[in-house]
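Using the sequences and the accompanying hints, generate a full structural model.
Residues in the sequence shown are numbered from 28 upward in steps of one, following our numbering.
Since the hints were made in silico from the structure, they are not lab data. Note that CB positions come from ideal geometry on N, CA and C, so glycine has one too. Any given hint might turn out to be false.
[Said to hold, decoys possible] Listed next, the in silico SDA-like pairs over lysine to any residue satisfying Cα-Cα at most 20 Å (straight line):
(1) 338 x 351
(2) 391 x 476
(3) 341 x 494
(4) 293 x 184
(5) 167 x 479
(6) 506 x 491
(7) 167 x 356
(8) 167 x 412
(9) 506 x 306
(10) 341 x 262
(11) 341 x 510
(12) 456 x 505
(13) 167 x 357
(14) 391 x 351
(15) 506 x 486
(16) 312 x 494
(17) 293 x 275
(18) 456 x 412
(19) 341 x 356
(20) 317 x 505
[Unchecked claim] Simulated restraints on C-beta separations:
(21) 362 x 414: 31 to 41 Å
(22) 458 x 359: 26 to 36 Å
(23) 376 x 82: 46 to 56 Å
(24) 359 x 437: 47 to 57 Å
(25) 281 x 414: 49 to 59 Å
(26) 45 x 330: 34 to 44 Å
(27) 406 x 131: 50 to 60 Å
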Amino acid sequence: MQGEGISDPDLMDAAALVGHLVPRGSVFRFLAEHRGEVFAPELFADLFPARTGRPSLPGEIAASVLVLQALHDLSDCEAIEALRCDLRWKVACGLALDHGGFHPSTLTYWRCRLAASDRPNRVFDAVRAVITETGVLQGKTRRALDSVVPDDAVATQDAVTQLIAAIRRVRREVPGAGALITAECGAHDYDDPGKPSIAWDDQAAREVLVSGLVNDANTVVNALSSNEFDDKASRASALLALISGQDVEPAEGSDGTDGRWRIARKVASDRVVSVVDPEARHVHKIVSHKQDGYKAHVAVEPDTGLFTAGKLAKGCGEGNHEAVIGLELLDGEPAGREVLADTAYGTGDMRAELFGRGHCAVIKPMPLRSAVEGGFTVDDFAVDEAAGTATCSNGLTRPITTTRRVAFGVACRSCPLRARCTTGTAGRKLRLRNNDALSRRARAQWAHDETLRRRYRQHRPMVERSIAWLIGPKGRCRKLRYRGVAANNQWLHTRMVGLNLRRVLNLGLTRTTRTWAIA
Numbered sequence: 028m029q030g031e032g033i034s035d036p037d038l039m040d041a042a043a044l045v046g047h048l049v050p051r052g053s054v055f056r057f058l059a060e061h062r063g064e065v066f067a068p069e070l071f072a073d074l075f076p077a078r079t080g081r082p083s084l085p086g087e088i089a090a091s092v093l094v095l096q097a098l099h100d101l102s103d104c105e106a107i108e109a110l111r112c113d114l115r116w117k118v119a120c121g122l123a124l125d126h127g128g129f130h131p132s133t134l135t136y137w138r139c140r141l142a143a144s145d146r147p148n149r150v151f152d153a154v155r156a157v158i159t160e161t162g163v164l165q166g167k168t169r170r171a172l173d174s175v176v177p178d179d180a181v182a183t184q185d186a187v188t189q190l191i192a193a194i195r196r197v198r199r200e201v202p203g204a205g206a207l208i209t210a211e212c213g214a215h216d217y218d219d220p221g222k223p224s225i226a227w228d229d230q231a232a233r234e235v236l237v238s239g240l241v242n243d244a245n246t247v248v249n250a251l252s253s254n255e256f257d258d259k260a261s262r263a264s265a266l267l268a269l270i271s272g273q274d275v276e277p278a279e280g281s282d283g284t285d286g287r288w289r290i291a292r293k294v295a296s297d298r299v300v301s302v303v304d305p306e307a308r309h310v311h312k313i314v315s316h317k318q319d320g321y322k323a324h325v326a327v328e329p330d331t332g333l334f335t336a337g338k339l340a341k342g343c344g345e346g347n348h349e350a351v352i353g354l355e356l357l358d359g360e361p362a363g364r365e366v367l368a369d370t371a372y373g374t375g376d377m378r379a380e381l382f383g384r385g386h387c388a389v390i391k392p393m394p395l396r397s398a399v400e401g402g403f404t405v406d407d408f409a410v411d412e413a414a415g416t417a418t419c420s421n422g423l424t425r426p427i428t429t430t431r432r433v434a435f436g437v438a439c440r441s442c443p444l445r446a447r448c449t450t451g452t453a454g455r456k457l458r459l460r461n462n463d464a465l466s467r468r469a470r471a472q473w474a475h476d477e478t479l480r481r482r483y484r485q486h487r488p489m490v491e492r493s494i495a496w497l498i499g500p501k502g503r504c505r506k507l508r509y510r511g512v513a514a515n516n517q518w519l520h521t522r523m524v525g526l527n528l529r530r531v532l533n534l535g536l537t538r539t540t541r542t543w544a545i546a
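Shown next as structure tokens:
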């Protein structure tokens with residue numbers, strides 16, 4: 028059942044004895060004075076529908092500890108140690124000086140309860156309501172979008188390690204799989220979680236091992252494919268099927284039917300990097316730098332630095348692109364917003380959607396690359412969408428196909444401008460994106476409108492500063508503590524709660540007769 032806050036202070040109440048030592052304007056002092064108002068009991072009522080049973084930790088205390096934990100980047104054990112030993116934490120949570128805290132697993136319990144509910148980010152929403160009531164965002168029509176790559180909480184695994192781990196997971200979680208693996212799979216002793224002892228510098232030995240592991244995996248997957256299992260067992264079986272195919276290819280001279288495999292000479296675009304956290308991915312924030320983890324997307328009001336929305340998602344995939352999630356972060360925003368963002372958000376589709384919602388896009392366009400250094404780019408071709416044609420600088424017109432491609436073909440052979448246009452033997456080819464006209468207009472406007480560029484440069488730094496706050500000093504919060512999108516998305520929102528509270532307190536948050544205001 029839901030726990031109740033402390034109504035009668037203890038004789039050893041920390042706030043009464045040493046509360047004056049906690050500085051005003053700090054998150055600790057704010058929680059000490061207002062946690063019951065911001066995190067009221069009705070905020071968590073649906074998490075504890077039963078009226079009987081042992082009382083849970085009061086919601087106002089649980090929410091306060093979770094916020095302080097995320098703000099100071101502490102593990103569960105470290106957070107409970109701080110609650111037991113740090114006077115500021117005791118004052119913030121309304122505990123007695125001699126309170127011994129509670130077990131760290133209680134924080135896990137609360138996170139799981141919140142994650143399983145229909146409002147997993149209610150703590151963020153509660154603080155956002157406070158900020159809205161102050162009016163600090165009233166009249167602030169700009170929103171800046173950006174993303175950062177937090178590192179996952181697990182070690183990246185190679186193909187061999189993943190195959191062994193995935194088979195062991197199926198053996199552990201799928202009913203009847205243990206007997207099947209013992210009887211049919213012999214490429215490795217699956218009681219041993221480590222990598223096999225072979226001559227790893229011997230290519231033939233590596234291919235024999237890989238072939239054996241893949242064949243074992245295929246045997247298990249095929250044998251279990253017709254069975255029906257619960258969600259946990261089904262996920263384990265599906266993960267094994269994915270792992271057995273993502274990193275391998277038929278050996279040289281094989282078509283894949285003779286059981287000979289080797290490690291593929293490429294990286295799968297949506298590669299699972301660890302069976303311990305199957306949702307982590309290889310992430311390229313920039314082409315020259317790769318990380319393993321997720322992408323945290325945020326929307327920031329650039330004058331105040333307050334986070335207005337956020338979402339943590341997988342690091343790759345069309346549905347997780349900046350331009351897709353950026354639009355999600357603007358859901359609910361009234362028309363007339365000026366949206367500032369870098370080139371990752373500058374797709375034609377996003378520009379069209381922003382225009383349709385009544386927003387103004389101040390987004391730096393992606394620089395164009397020419398097929399020949401210093402030569403013609405796609406903007407040097409005249410595109411007539413109504414006629415469905417594209418015309419080159421030499422006046423040659425070709426149709427746009429249904430896949431939005433244009434091929435100039437043999438006509439390029441005798442073209443006097445060929446050296447500035449293409450080196451391909453098949454002539455110049457174009458691939459036009461959706462809403463190409465909007466992208467062209469944006470590039471032209473960016474090149475000639477100094478006011479637009481100045482506005483972007485003026486308001487861009489605050490979002491960079493907010494991102495720096497998010498990942499912490501020296502990037503100490505960049506390493507995630509949890510596995511999976513849901514758990515880490517919840518951490519992101521709790522982290523933003525702490526940062527928003529700290530920021531709005533610096534701006535002068537006060538409470539005056541039932542109303543939140545900025546002094």
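If you check each hint against the structure, which ones fail? 8, 12 and 15
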